[in-house]
Amino acid sequence: MEPMQWILQNFEDTEKLAAALERLQIPYSLHTVVPFVGDLIPRPKVDDPNKVMLIGSYAMWRYAQANGLRPGVFTLRPFVFEEPWQPFMLNGPNAVFLKVSEIPERLHGDGSWFVRPVSDNKEHPGRVSSVAQIRDVAQSVLSLGEQETPPGSLRHDTRLMLTPPATIYKEWRLWIVADEVVTYSLYKEGTRVIYKADVDTDVLEFTRRLVALNPAFAPAYVIDVCRTDDGLRLLETNCINAAGFYAANLFKLAASMDALSVAP
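So for the sequence shown, my numbering puts the first residue at 1; every next one is plus one.
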């Protein structure tokens, strides 16, 4: 089978991927991505629109969609609504869902929440924030008219998931392609960022169980898993095309993703 054509955003992470693609003799090109819009500079010459993979910022999905490139970018359904995974999510049973427009009226108190958008669209990074900080962000969004909101930013109707903060001891990222774990990386120990091509045996088994419980969630995606006082928990899923590589085996990742075929 002929390899796909890979279109990469030009930055340090994708330069490492480019080295793996060269070893695999897979054609690629490097481009600058126009923020939020997703246009590429220079414009790539596409040989077969059904055999193109894009890697870089999440905005590249717009370019893939506008130009009919497949598989292009593997966009995901909101993982928080995937019923097979809900019992395993970090604080999933205690989650609160609010639109940005609802926060001023419905979010009060002096505590803190872990906040992230429900959709996997990179509008806002997932992080722990105080109620005051969350309200300030909401007010800044609502101070703009809906037509004034910059592309790729939080909007009045963006739905957020708020969960009580939890103590997390370790965090791993695992790359799933065709319902198989193909590579993995430790990326955080407590509050310390550390990239290591390592995974605990029970983490690998837990992730394989999650994948088996929800087959074909996407042709390719990443799962972030964490160790807490309540054991292993599903932290989140992310678009594989826009997820940081950390210490992943890029040779294995590129080979497995390139083998994904798309019917014309």
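These are calculated hints, taken from the structure and not from any lab test. Do not rely on the hints blindly, as some may be mistaken.
Stated by the list, open to error - Capping the alpha-carbon separation at 27 Å, the derived lysine-lysine pairs in DSS-like fashion look like this:
1. K252 / K188
2. K45 / K16
3. K16 / K196
4. K16 / K252
5. K170 / K45
Status of the hints after comparison with the structure:
1. K252 / K188: 22 Å, holds
2. K45 / K16: 22 Å, holds
3. K16 / K196: Measuring from Cα to Cα gives roughly 16 Å; hence the hint holds.
4. K16 / K252: 13 Å, holds
5. K170 / K45: Given pair K170, K45 is violated - Cα atoms ~42 Å apart, limit 27 Å.
Checked against the numbered hints above, the structure violates only hint 5.
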